[in-house]
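*Asks:* The lines below spell out each chain.
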Amino acid sequence: MSIRERLSGNEAVATAMKQINPDVVAAFPITPSTEIPQYFSTFVSNGSVDTEFVAVESEHSAMSACIGAEAAGARAMTATSANGLSLMWEMIYIASSLRLPIVMSLVNRAVSGPLNINNDHSDAMGVRDAGWIMLFSENNQEAYDNTIMAHRIAENKDVLLPLMVCQDGFITSHSIENIELIEDEKVKSFIGEYKPEHYLLNDKEPIAVGPLDVQAYLFEHKYQQAQAMVNAKKVIIDVANEFEKMTGRKYSFFEEYRLDDAEFAIVCMNSTAGTAKFVVDKLRTQGVKAGLLKVRVFRPFPAEEIAKALSSLKAVAVLDKSDSLNAAGGALFEDVTSAMFTNNVHVNTVNYIYGIGGRDTTCYDLESVFNDLQEIAKTNSLGNPYRYLGVRRNG
Amino acid sequence: MIDKNTTAENLTIGGNIYDAGNALEFKTGDWRSVKPIFLSEKCKQCGLCFPVCPDDAIPVTNEQKRLDFNYDYCKGCGVCAKVCPFNAIEMKRN
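In the order they appear, the protein sequences are chains A and C. Here this note's numbering is used: the first residue of the first sequence is 285, the next is one more, and so on. Here this note's numbering is used: the first residue of the second sequence is 20, the next is one more, and so on.
One should not assume that every hint holds.
Under the rule of at most 35 angstroms between Cα atoms (straight-line distance), these lysine-lysine pairs were calculated in the DSBU-like manner [to be verified]:
hint	chain 1	residue 1	chain 2	residue 2
1	A	Lys-518	A	Lys-561
2	A	Lys-566	A	Lys-529
3	C	Lys-84	C	Lys-94
4	A	Lys-506	C	Lys-94
5	A	Lys-518	A	Lys-529
6	A	Lys-534	A	Lys-479
7	A	Lys-534	A	Lys-506
8	C	Lys-94	A	Lys-488
9	A	Lys-529	A	Lys-517
10	C	Lys-111	C	Lys-94
11	A	Lys-441	C	Lys-46
12	C	Lys-84	A	Lys-488
13	C	Lys-111	C	Lys-63
14	C	Lys-23	A	Lys-488
15	C	Lys-84	C	Lys-54
16	A	Lys-517	C	Lys-23
17	C	Lys-84	C	Lys-101
18	A	Lys-472	A	Lys-488
19	A	Lys-534	A	Lys-441
20	A	Lys-506	C	Lys-46
21	A	Lys-592	A	Lys-561
22	A	Lys-518	C	Lys-23
23	A	Lys-573	A	Lys-561
24	A	Lys-479	C	Lys-23
25	A	Lys-302	A	Lys-561
26	C	Lys-54	C	Lys-23
27	A	Lys-488	A	Lys-302
28	C	Lys-84	C	Lys-111
29	A	Lys-441	C	Lys-23
30	C	Lys-23	A	Lys-506
31	A	Lys-470	A	Lys-441
32	C	Lys-46	A	Lys-488
33	A	Lys-517	A	Lys-561
Keep in mind that the hints were calculated from the coordinates and are not lab data. Bear in mind the structure is a predicted one, so any value in this text is a computation, not a measurement.
Okay, chain A solo, but in the shape it has when bound:
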């Protein structure tokens, strides 16, 4: 029987890490992810895990230690947020290009400045092209489940890419909610032992990792990374199916909430999906055919599948909790609209930048988005597709 508990998002991830019992955890505290290494270090002190905990002096070192450990043949994990991820930046690319299946918990927070420690997705969007698999989580349960599935995806021989599990800072990381945990033994057998084919500590096969990759080779190595990201799509679904057999909880590239017969839909990621479901339910009672597409897998981006899921709508709003500051629209909006265009789906689609720096996004805000969508459908006029939701302005 699964275990019913009440945990915050950070506790949920730390608990998953305890059950995974990785060989190495290297982390540096940064709000709002600090609690993850904090809880985990108590597991180390209490002897409930065998992990070597490396209390590094910076996030650059945290990722470097994970890279060294993973290359040596160990399972390595870390956790960070915002500017901590920024400090890892250089090593983030090294991890993915060396094809090391490190698993990171990213508790999303605004990248300063101006100095802000609250939630948005600017940290994750800053590394969206870094070659990491990126899973997003609506609540503590999904953060836990995604972490349990992470190694099976990342370590698959057709993938071998690092993976980050994202959840919203404070909103999810510090909110205590009900959660269903999987028994320790079941997690252990689901994840299995890590047996890399090549690793530095294998004295029977001395190897070199990370040599100079000159003009004749780097292009082909990037192509290999790109193919691994393509391969990850099937593996993510396979692992989700196996996970569903174990837990009964179903996961895919994205969740479609009342989208089947919907005319108007919001596309968003992480905790806002919870608010959006409430609004969809409310509007449905008023006869508005509202729906939601919650993206779980942002990298690899399920372009074809998303385009298909949105193809019969009258109007779509893509919500970005981070602005790309490109005078055109946020990252999710650009990915969704280009997916629609290349798959010959032509639905009026607008972008809302929202919730920046931890600004609350209420059900009234999302209702106003659905009102806008109905207006767009009625007038068949898009107006400016690049919008800010609820920003204070004159007039």
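For this one, chain A is given, so just place chain C on it according to the hints.
*Replies:* Positioned in the frame of chain A, the structure of chain C alone reads:
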């Protein structure tokens, strides 16, 4: 062995190298612009040259006797010529 014609499918991931001692396969002689000439008649086999060679360009026998240069690995740095007390190594344009 890989070269500029090796396809993506046939390269290791991340450029990892799974064979130890592979430096012998990496011939760097074509980097050279000047070339050391071994004048064996002047050489006293004093043994000062081969320890300073940064690569594998001076073969040495089990009896500690140096042989002529292996130009596959000589980059023409000239350190050996500099340390030779007997002018037994002469640097010439390649």
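*Asks:* The structure should be examined with respect to each hint, and the outcome stated for every one.
*Replies:* Against the structure, the hints:
no.	hint	in the structure
1	A:Lys-518 / A:Lys-561	28 angstroms, holds
2	A:Lys-566 / A:Lys-529	32 angstroms, holds
3	C:Lys-84 / C:Lys-94	22 angstroms, holds
4	A:Lys-506 / C:Lys-94	31 angstroms, holds
5	A:Lys-518 / A:Lys-529	17 angstroms, holds
6	A:Lys-534 / A:Lys-479	28 angstroms, holds
7	A:Lys-534 / A:Lys-506	32 angstroms, holds
8	C:Lys-94 / A:Lys-488	33 angstroms, holds
9	A:Lys-529 / A:Lys-517	19 angstroms, holds
10	C:Lys-111 / C:Lys-94	13 angstroms, holds
11	A:Lys-441 / C:Lys-46	33 angstroms, holds
12	C:Lys-84 / A:Lys-488	34 angstroms, holds
13	C:Lys-111 / C:Lys-63	21 angstroms, holds
14	C:Lys-23 / A:Lys-488	29 angstroms, holds
15	C:Lys-84 / C:Lys-54	21 angstroms, holds
16	A:Lys-517 / C:Lys-23	30 angstroms, holds
17	C:Lys-84 / C:Lys-101	19 angstroms, holds
18	A:Lys-472 / A:Lys-488	28 angstroms, holds
19	A:Lys-534 / A:Lys-441	24 angstroms, holds
20	A:Lys-506 / C:Lys-46	26 angstroms, holds
21	A:Lys-592 / A:Lys-561	21 angstroms, holds
22	A:Lys-518 / C:Lys-23	31 angstroms, holds
23	A:Lys-573 / A:Lys-561	13 angstroms, holds
24	A:Lys-479 / C:Lys-23	32 angstroms, holds
25	A:Lys-302 / A:Lys-561	31 angstroms, holds
26	C:Lys-54 / C:Lys-23	27 angstroms, holds
27	A:Lys-488 / A:Lys-302	31 angstroms, holds
28	C:Lys-84 / C:Lys-111	23 angstroms, holds
29	A:Lys-441 / C:Lys-23	25 angstroms, holds
30	C:Lys-23 / A:Lys-506	15 angstroms, holds
31	A:Lys-470 / A:Lys-441	22 angstroms, holds
32	C:Lys-46 / A:Lys-488	26 angstroms, holds
33	A:Lys-517 / A:Lys-561	26 angstroms, holds
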